[in-house]
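Now for the letters of each chain:
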Amino acid sequence: MGTTPYLVLSALLFTVGAVGVLLRRNAIVVFMCIELMLNAANLAFVTFARLHGGLDGQVIAFFVMVVAAAEVVVGLAVIVAIFRTRRSASVDDASLLRY
Amino acid sequence: MNGEAIVFWVVAPVALLAAIGLVFTRKAVHGALLLAVTMVCLAVLYVAQEAPFLGVVQVVVYTGAVMMLFLFVLMLVGVDASDSLVETIRGQRWIGLLAGLVFGGLLVLAVTRSPFDEPRGLARVTPEGNVPGLADIIFTRYVWAFEITSALLITAALGAMVLAHRERTQPRPSQRELAGRRLRAGGAAVSPLPSPGVYARHNAIGTPALLPDGTPAESSISRVLASRGATGSVSQANADVIRVEELDRRSGEPTQGGTT
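For the record, the sequence lines run as chains X and R. Number 97 in the numbering used here belongs to position 97 of the first sequence; there are no gaps in the numbering. Number 250 in the numbering used here belongs to position 250 of the second sequence; there are no gaps in the numbering.
Derived by calculation from the structure, the hints in this document are not laboratory data. Be aware that one or more of the hints could be misleading.
[As the list claims (entries may be wrong)] Distance windows between CB atoms, simulated: (1) G64/R to D56/X: 18 to 28 Å; (2) M68/R to D56/X: 22 to 32 Å; (3) T4/X to I205/R: 27 to 37 Å; (4) A239/R to L97/X: 46 to 56 Å; (5) A81/X to Q175/R: 24 to 34 Å; (6) V14/R to T4/X: 16 to 26 Å; (7) I6/R to L97/X: 45 to 55 Å; (8) R176/R to A81/X: 45 to 55 Å; (9) L97/X to T140/R: 42 to 52 Å; (10) A185/R to V67/X: 46 to 56 Å.
[As the list claims (entries may be wrong)] Reference excerpt, derived from the structure (chain X facing chain R, CB under 8 Å, subset only): (11) T3; (12) L7; (13) T15; (14) V30; (15) C33; (16) I34; (17) M37; (18) L43; (19) G54; (20) V64; (21) A81; (22) T85; (23) L96.
Computed from a predicted structure; not experimentally measured. We treat Cβ as the ideally placed atom computed from N, Cα and C, and that holds for glycine.
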């Protein structure tokens, strides 16, 4: 089986994640969409690793996963901290720096 | 059609549909579960693409740890923290959708138009299997990045602890202070709130108690039950009271005990 179907799936998943980031307001949903985009990129990495016959792509995907885990921990802590002070998880409400 | 193609065409639509569902569900919890489905599907695709180690890591790290974290935070923040439908920027929704469609179209076009060789496969570079091959490369060529990763993880854990920690700015009020505050506030009941009515015909904890004049006491039902709509409604209790009073008038003597 060729490479193209995997890459098309990866592109579609990335697009869906990007649309989610643009459309949704709930900070947690936005965050989940970012995770989806990272996963789509990982799929492309794994596919290219197989295409080129080297393991480097898989190692990079592994590091992406580690960094994503760290990012999720900090990001969710930020969301919880914002929710504590503002009682809201909407990305539009935290706009104090605008003024 | 070989086995890999069958796996792909079964799993890929599920992954894509779940991802689309994540964007369009109203409740964040459903979104989290759909995202978990997508991640499990991706793990299957990794295994199908000669990356069994990454497939297992995907299940353990993503569906196991990350999605659990998401669900915990959803529990803290409130399950029903749904989106507001007010657009802050005019027409943002349609512009975002259009931008997404254009972007996705371009990406898919670029991928489908470019010629790819048949994948070379990993059998040649990993004669001993996937995990030993990965271990070789991680602990030789990428060992520096791997070490840096540990610093990143420790920093992230410390950062999360600092961010989520809440310092008490004033001492915790004692029971005496709380009682004094309640008395000074005046008006409100100093005694505990009335307990819900216990009657034969209704779910007792969801039924308001009746005051001496026969009206239901709204403060006797839990606020949580009321907001969930799980209470035998106040108007229902009211109607029952009226009916019982009518029966009393007809029979000439008050019925003893509970009303309904």
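Given the hint of 22 to 32 Å, check if M68/R and D56/X actually sit that far apart at their C-beta atoms. 30 Å, holds
I205/R and T4/X - C-beta distance against the hinted 27 to 37 Å: Violated: the Cβ-Cβ distance is about 60 Å, outside 27 to 37 Å.
For the hint on L96/X, does the least C-beta distance to chain R fall short of 8 Å? 14 Å, violated
Range hint compliance [Cβ, R176/R to A81/X, 45 to 55 Å]: 32 Å, violated
Close enough to count: is the Cβ of L43/X nearer than 8 Å to one in chain R? At 6 Å from the nearest chain R Cβ, L43/X passes the 8 Å test, so the hint holds.
Under the criterion of a CB-CB separation shorter than 8 Å, is V64/X in contact with chain R as hinted? 10 Å, violated
May I ask you to test the interface hint for L7/X with respect to chain R, counting a Cβ-Cβ separation under 8 Å as satisfied? Check passed: Cβ of L7/X comes within 4 Å of chain R, closer than 8 Å.
Taking the Cβ atom of V14/R and the Cβ atom of T4/X, is their distance within the range 16 to 26 Å? 19 Å, holds
Does V30/X pass the interface hint, meaning its C-beta sits closer than 8 Å to a C-beta of chain R? Violated - the Cβ of V30/X stays beyond 8 Å from chain R, reaching only about 10 Å at its closest.
Going by Cβ atoms only, is I34/X closer than 8 Å to chain R? 11 Å, violated
Note whether the CB distance of L97/X and T140/R lies within 42 to 52 Å or breaks it. 45 Å, holds
Checking hints one by one. Is T15/X an interface residue toward chain R, by the C-beta closer than 8 Å rule? Interface hint status for T15/X: holds (3 Å vs cutoff 8 Å).
The structure shown violates the earlier hints numbered 3, 8, 14, 16, 17, 20, 22 and 23.
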